[in-house]
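S.K.: Here the protein sequences line up with chains A and B, keeping their order.
Quick note: the first sequence, position 35, residue 35 per the numbering used here, numbers continuous.
Quick note: the second sequence, position 90, residue 1090 per the numbering used here, numbers continuous.
Careful: at least some of the hints might be erroneous.
What the hints assert, rightly or not - Sample of chain A residues with no beta-carbon within 12 Å of chain B, all distances over it, derived:
id, residue
1, 8
2, 22
3, 83
4, 85
Unchecked claim - Stretch by stretch, here's where chain B covers chain A in the computed footprint (C-beta under 8 Å, at least three residues):
id, segment
5, 13-20
6, 69-81
To be verified - Below, computed lysine-lysine pairings styled on DSSO-like, alpha-carbon distance capped at 27 Å:
id, chain 1, residue 1, chain 2, residue 2
7, B, 1067, B, 1042
8, A, 44, B, 1042
9, A, 57, B, 1099
10, B, 1067, A, 44
11, A, 57, B, 1002
12, A, 14, B, 1067
13, A, 44, A, 9
14, A, 14, A, 44
15, B, 1042, A, 9
Don't read these hints as lab results, they were simulated from the structure.
Here a beta-carbon is modelled for each residue, glycine too, at the ideal position from N, C-alpha and C.
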Amino acid sequence: NAGVTQTPKFRILKIGQSMTLQCTQDMNHNYMYWYRQDPGMGLKLIYYSVGAGITDKGEVPNGYNVSRSTTEDFPLRLELAAPSQTSVYFCASSYRAQETQYFGPGTRLLVL
Amino acid sequence: QKEVEQDPGPLSVPEGAIVSLNCTYSNSAFQYFMWYRQYSRKGPELLMYTYSSGNKEDGRFTAQVDKSSKYISLFIRDSQPSDSATYLCAMGGAYNTDKLIFGTGTRLQVFP
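Please work from the sequences and hints to get the whole structure.
M.R.: Encoded structure:
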C-alpha cells in the first residue's frame, strides 16, 4: 500500500512552459486535493475532486487545471508557468469529506 | 478575520519540556479537529484526530478541544529533538463544504 504518490519530486520550469504534476492514490479514496505551500503561508487549496469526473475550484485555482478520469489519479496541469507558481505542491486524498487527509511527499517547483 | 488562526512561531524549547501548541477558530460549526506534523521537505502526516469536544491522549501527545472558546491545543510531554517539525491544525465538519481548513502551522524546535 503506497498511499499517495507524486511525481516529479522536483522540477525547474522556464516562464511560459507547461507541465503536469502527477498524483496517484491506492486507498480507493473518493476525495482528492491539490494544495500549494509557500513559506510561512500554510496550505492553500488549489482544486479538489469528490469523485471521478467531478472537480471544483479551491482558494487559488488561477493558472491551474485538473481532471479526474479515474478514482486513483488526479493530475494538476500548469499552463504558461509564472514565477508566482514557484512553490511546493502537495496532493492529498481522503475517504470522506472533511475527514483525515493523507498527503503525498510533494513536488517542488521552481519557475525561472 | 481568518477562519483558523495559528501562531507561526518558531517555538524553541529544551529537550524534556512540555510544549503547548494552539489554534483558535471562528466557525462554530466545525466538528472534526486534527493536528498534522510536517517534517522539513516532507508532506504533512496526521498526528491526532478528535471529534467534537474533549481530550484525546496518544503517548506523549494530548489534543484538547474547547468548542465553547473555539480553541484547540496540542500538548507534547517530554519533548524530544525528533519532535522538531511544523505542526498544523486542521478543522472540518462545517456545513455545505467539502474542505478542511488548515492553520498556517507552528514551527517547533526542540534542542538537546
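S.K.: Taken at face value, is the distance from the CA of residue 1042 of chain B to the CA of residue 1067 of chain B at most 27 Å?
M.R.: At roughly 31 Å apart (the allowed maximum being 27 Å), residue 1042 of chain B and residue 1067 of chain B break the hint.
S.K.: Is the straight-line distance between the alpha-carbon of residue 1067 of chain B and that of residue 44 of chain A 27 Å or less?
M.R.: holds, 25 Å
S.K.: According to the definition I'm using, a residue is off the interface if its beta carbon is farther than 12 Å from all beta carbons of the partner; does residue 83 of chain A meet that for chain B?
M.R.: holds, 21 Å
S.K.: Measure nothing beyond the straight line between the CA atoms of residue 1042 of chain B and residue 9 of chain A; if it is 27 Å or shorter, mark the hint as holding.
M.R.: holds, 11 Å
S.K.: What's the verdict on residue 44 of chain A and residue 1042 of chain B, does the C-alpha distance respect the 27 Å limit or exceed it?
M.R.: holds, 16 Å
S.K.: Does residue 44 of chain A lie within 27 Å of residue 14 of chain A when you go C-alpha to C-alpha?
M.R.: holds, 23 Å
S.K.: Just to be careful, I want the Cα atoms of residue 44 of chain A and residue 9 of chain A compared with a cutoff of 27 Å; is the pair within it?
M.R.: holds, 19 Å
S.K.: Using C-beta distances, would you say chain B covers the segment 13-20 of chain A, given that this needs three or more residues below 8 Å?
M.R.: violated (count 0)
S.K.: Report holds if the minimum CB distance from residue 22 of chain A to chain B is greater than 12 Å, and violated otherwise.
M.R.: Holds, because the least Cβ-Cβ distance between residue 22 of chain A and chain B comes to about 15 Å, which exceeds 12 Å.
S.K.: Does residue 14 of chain A pair with residue 1067 of chain B here, judged by a C-alpha cut-off of 27 Å?
M.R.: This hinted pair is violated, its Cα atoms lying about 47 Å apart.
S.K.: Are at least 3 residues of the segment 69-81 of chain A within less than 8 Å of chain B when you compare beta carbons?
M.R.: violated (count 0)
S.K.: Grab the minimum beta-carbon distance between residue 8 of chain A and chain B and tell me whether it stays above 12 Å.
M.R.: holds, 14 Å
The earlier numbered hints that this structure contradicts are 5, 6, 7, 12.
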